[in-house]
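Engineer: Each chain is listed here by its residues.
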Amino acid sequence: MTSLQPKMWGERKLPPYVLLLFPAVTFMVLMYAWPFISSVLQSFIISGKEGGLTLANYVKVWELYRKDIAFTFAVTIFNTFLVGVVAVIFSVYFRLRQNRVSALLSAIFKLPIFIPFVVVSQMMNSFLAPHGLLNTALAQLGLVNLDKPLQLFNFAGLSFGFAWKQIPFAVLIIHGGFQMIDNSYIEAARSIGAKLPSVILRVLVPMNKSSIIVALVLVYSQIIGTFTLPYMLIGGKVPTTITVDIAHRVNYFRDFGVANALGVCSYIMVLFTAAYYLRSKIKEARQEVSQ
Amino acid sequence: MKRILKKSAELALLVTVFLIVIGPMVSLFLWSVAQKWYWPHPLPQAITFDYWAQALGLKTSLAIGAVSIVSAFTLSILIALATVVIAMAIAIPAGYALAKYKIPFGTIILFLFLLPNAFPQQPVFVNILQVFTKIGLSGTIPGVMLIHILVGLVYGVWITNATFRSIPPSMEEAARSVGATAFKAFYKISLPLAAPGLFSSAVFVFLTSLDEFTGTFFIGLPFINTLPLTLYSSSGYNMQFASVIALILLVPSVIFMLLIQKVLKAEYVGGMG
Numbered sequence: 001m002t003s004l005q006p007k008m009w010g011e012r013k014l015p016p017y018v019l020l021l022f023p024a025v026t027f028m029v030l031m032y033a034w035p036f037i038s039s040v041l042q043s044f045i046i047s048g049k050e051g052g053l054t055l056a057n058y059v060k061v062w063e064l065y066r067k068d069i070a071f072t073f074a075v076t077i078f079n080t081f082l083v084g085v086v087a088v089i090f091s092v093y094f095r096l097r098q099n100r101v102s103a104l105l106s107a108i109f110k111l112p113i114f115i116p117f118v119v120v121s122q123m124m125n126s127f128l129a130p131h132g133l134l135n136t137a138l139a140q141l142g143l144v145n146l147d148k149p150l151q152l153f154n155f156a157g158l159s160f161g162f163a164w165k166q167i168p169f170a171v172l173i174i175h176g177g178f179q180m181i182d183n184s185y186i187e188a189a190r191s192i193g194a195k196l197p198s199v200i201l202r203v204l205v206p207m208n209k210s211s212i213i214v215a216l217v218l219v220y221s222q223i224i225g226t227f228t229l230p231y232m233l234i235g236g237k238v239p240t241t242i243t244v245d246i247a248h249r250v251n252y253f254r255d256f257g258v259a260n261a262l263g264v265c266s267y268i269m270v271l272f273t274a275a276y277y278l279r280s281k282i283k284e285a286r287q288e289v290s291q
Numbered sequence: 001m002k003r004i005l006k007k008s009a010e011l012a013l014l015v016t017v018f019l020i021v022i023g024p025m026v027s028l029f030l031w032s033v034a035q036k037w038y039w040p041h042p043l044p045q046a047i048t049f050d051y052w053a054q055a056l057g058l059k060t061s062l063a064i065g066a067v068s069i070v071s072a073f074t075l076s077i078l079i080a081l082a083t084v085v086i087a088m089a090i091a092i093p094a095g096y097a098l099a100k101y102k103i104p105f106g107t108i109i110l111f112l113f114l115l116p117n118a119f120p121q122q123p124v125f126v127n128i129l130q131v132f133t134k135i136g137l138s139g140t141i142p143g144v145m146l147i148h149i150l151v152g153l154v155y156g157v158w159i160t161n162a163t164f165r166s167i168p169p170s171m172e173e174a175a176r177s178v179g180a181t182a183f184k185a186f187y188k189i190s191l192p193l194a195a196p197g198l199f200s201s202a203v204f205v206f207l208t209s210l211d212e213f214t215g216t217f218f219i220g221l222p223f224i225n226t227l228p229l230t231l232y233s234s235s236g237y238n239m240q241f242a243s244v245i246a247l248i249l250l251v252p253s254v255i256f257m258l259l260i261q262k263v264l265k266a267e268y269v270g271g272m273g
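In order, the protein sequence lines correspond to chains A and B.
Residue numbers for the first sequence follow the UniProt record's numbering, so the first one is 1 and each next one is one higher.
Residue numbers for the second sequence follow the UniProt record's numbering, so the first one is 1 and each next one is one higher.
None of these hints come from the bench; they were simulated from the model.
Check the hints yourself; a few may be wrong.
Only some residues are given here: those of chain A computed to face chain B with a beta carbon under 7 Å [stated by the list, open to error]:
#, residue
1, P23
2, T26
3, F114
4, P116
5, S126
6, F127
7, T136
8, Q140
9, G225
10, I246
11, A259
12, I268
13, L271
14, F272
15, K281
16, A285
Restraint ranges, calculated between C-beta atoms of paired labels, are given here [claimed, not checked]:
#, chain 1, residue 1, chain 2, residue 2, range
17, A, Q98, B, I77, 37 to 43 Å
18, A, M207, B, L43, 45 to 51 Å
19, B, P252, A, L104, 22 to 28 Å
20, B, T48, A, A103, 34 to 40 Å
21, A, L146, B, T16, 54 to 60 Å
Where is the CB? At the ideal position from N, CA and C, for every residue including glycine.
Here chain B stands alone, though its shape is the one from the complex (with noise of 0.2 Å):
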């Protein structure tokens, strides 16, 4: 009897947090394929795919008020390609000069990719803002991804920082010993072993960059609408349109997330978006 209890008790917070966690999500994809759905009904009562479809440009529609992503989509894409080969070049020399040497105020180094992780990073983001208003970066692509890179690079700098530590520097040392330069015991030994660790590394720059709207909320509007922005400035007035962005941002973070977790330090996941 008393494991019967226990057992149904179990199956109830199952179903309790499987409700809650779930819920939300099932309302974003209710309101994304939603034609019309008043209240008080529980479900839309007209199911309609249109706005997907307009979305992603195979439609165009007058009437469902919705507006092609296509071009927010690229940019977005565009913009985080670009973050992720400048910041990663910034950050794997960064990150293998952090693992492999003693290096001399080495804590004030470490402090200084530290920091981003501790305060808010708004006010940052507010006088970035007036210092590009006035060399005349703001609301431009190349300033909005300096703000990506920013985001990306400390993130890009202790995973890359994590990964080279795990490589027992023996391997470069015999390298060394027969022969090899500095740069051909690396670029042999040590970035082939890193390779996964960086590859991770890369992807989640990418989202980050992604999924990014504080920093590019203050420098990129009113002109420049990545996808995260797109969906913030409809969800005032197209809850299926903006719930449509909403999912076509949270699969691939979802899945990418899912395949390099192993790599990641917990802590890392928290900040995203």
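Isolated chain A (complex conformation) (with noise of 0.2 Å):
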């Protein structure tokens, strides 16, 4: 690839590479990177006071907070737990049967991944709602009582709602690796008596490891960082996420310090993931140029 630029680029010259990334590397640093940092350093500050660095705002984070900080927690684990069983299996199903029903489903399942989470969560709030279209449905049915409906604006509905919206992009992603795998690996456990369990577990699951942790990683990352869906869902309610706790923070108190505290719990929350995502992209990429 640089085997025709050297030698007409001297010395003082500039890489051509350098002016071609400036433009996006200056913005992302200023609109991105630096408010980032921002981010960290402002939670050891109290907005609008002189001083040193303090720990003030994490003791008000723990105080007020620390409920819904494990309310968060408990959403996103036990969501991609969710997320991860259901869309292996619709995946293994998907791949293992290709006809004129799966081909069906497969296309209605494409539908929720491109639909936008404000529109997820305006719909879930018409759906879910007391006397909305699913209580009335089931109604109808006569599974539930009208005059007590299920109350969706919490924990179950919040899950309805991402793994309305998650799975099928969890099987998009894990039904991908998938269909890299040969049918005659399927044929071969088959061919010495494996049931189909265990074609899945031993056969399937395993060697579609790497894109299936690509998309719990994902799907964990999202549900932690997600505001649109909480915050119309169940707002202010206690106990609700964290991202809906620093939109509170800085509209009612314009309280930055508690806000970036609270960032940095969310931070704090998708490290393993972050680090797992990143080094796999970078190894990626890297792999990519070597060829």
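Join the two chains into one complex using the hints; note that each chain is given alone, in its own frame.
Structural biologist: What follows is the structure in structure tokens.
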């Protein structure tokens, strides 16, 4: 690639990529890297006050929001697990059964992926309401008494919303991985008498481990960072998610210190998934360069 | 017998999944045309398209409490168009450079473009708000555009980078070997070959801007009301109107994404809105 460049460029001339990268990198440093670093720094400063670094914001976070942090973590872990299990089952189904029914299903499954979160939130807002379509439909089937409808603007409804949006997304990634596995592996396992569960657990899932992990890492970090759905579904009710608390702290109190301390808590929650994601992407990029 | 059982189990699965996936969308549609819908009725008792007409500016009636979204819609489209132009003008050179050159500190630069996908973005928006408030950019259209460019740029760089990577370097080298300048080789060879990928990338950036909520919520409110923010502010008091806006946002996203999805890596499409 570079073989044609050298020699023509004298010692003093800048290599061409400097100019090409300059606008994008400058923009990212000013608009992303700096605010990111600042969010960590500000979490140790009380807004509007002079003075040194303090842990006061974190004390306040502990006093006021420890339940919400636990709630956020619980919602995220539960949904990552749920999405993982259901998405693997559906991806296996799409891989092994190729008929009209599965083709139709996989087409329907694509829709939620492309619907933005703000629209999903509005959908769930009306669909899961005490007298919304879900409750009235279940009442028609005799499963719900409309005098005591299901209350879903909480953990359960939030999970329904996340699962609705994220399972199809995870299927897209995981099914892509399964399609790379050649039929001969499955046939070989079957020919020595492997039953379906062991074909799944001992051939398909291990061979597709990397795309399953990538899907789960992305789902996990997206759920922690999502503001729209919890904000429109749960709002200020207790318990709610960290993202909603950050918005409240900023909009009602202009308290950037505590908001940033909450932000750092969400960074800490994604530390492992972020490290995994960054490492695997950089490895991928290096491999592509060396090819 | 066993086959019939298996077939009907599969059919039951299909119906259940279909209802779960489609249910919330049906709810949205029903609300957008519901004139009267009192529970415990499973369906609206009276249907009207007045909310649609009013939202689209075809009709003005104070009785149903909806307002025209034409101005919010125009604003959203204009912001999205400007975002695409600026973000792509920055992203294409960067994506190209990352694909074609061996760059010292390349890993750090890659890192910079990966971080927004790895960490929650909301705290970053909060800190941008602080800076923007000081320099008078919060609550302004340029301020909101900068946020949309930030969100779009990351995807823009990744998608254009993948596109340029897929073009064999030998093609440009051939052009250079017969005397073309670096720019001419890019302009005549790589650019046309990359056009479909670049176009998809631009469409994607357009959609992320059109659907962007979180950043606009912090930077734009209460002065800049894009379509997603109008949806949010009406969802509390006017279910019909909010549903109309939600459907207006949903349709272009689904249609365009279905068109460009083959060019995109699966992991890009998850983080929208």
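Engineer: Run every hint past the structure and note whether it holds.
Structural biologist: Structure-based check of each hint:
1. P23: 5 Å, holds
2. T26: 9 Å, violated
3. F114: It holds, given that the least Cβ distance between F114 of chain A and chain B is near 4 Å, below 7 Å.
4. P116: 3 Å, holds
5. S126: 5 Å, holds
6. F127: OK, holds: F127 of chain A within 7 Å of chain B, min 4 Å.
7. T136: This hint holds: T136 of chain A lies near chain B, its Cβ roughly 5 Å from the closest one there, short of 7 Å.
8. Q140: Since the shortest Cβ distance to chain B is 5 Å, the answer is holds.
9. G225: For G225 of chain A, the interface hint holds, since the closest Cβ of chain B sits about 3 Å away, which is under 7 Å.
10. I246: With a closest approach of 6 Å, the I246 of chain A hint holds.
11. A259: For A259 of chain A, the interface hint holds, since the closest Cβ of chain B sits about 5 Å away, which is under 7 Å.
12. I268: Hint on I268 of chain A: violated, closest Cβ of chain B at ~10 Å, above 7 Å.
13. L271: 9 Å, violated
14. F272: 11 Å, violated
15. K281: K281 of chain A check passes; min Cβ-Cβ to chain B is 5 Å, inside 7 Å.
16. A285: 6 Å, holds
17. A:Q98 <-> B:I77: 37 to 43 Å: Given a distance of about 41 Å, which is inside 37 to 43 Å, the answer is holds.
18. A:M207 <-> B:L43: 45 to 51 Å: 48 Å, holds
19. B:P252 <-> A:L104: 22 to 28 Å: 24 Å, holds
20. B:T48 <-> A:A103: 34 to 40 Å: About 37 Å separates the Cβ atoms of T48 of chain B and A103 of chain A, which means 34 to 40 Å holds.
21. A:L146 <-> B:T16: 54 to 60 Å: 22 Å, violated
In the structure shown, a violation is registered for the earlier hints numbered 2, 12, 13, 14 and 21, in ascending order.
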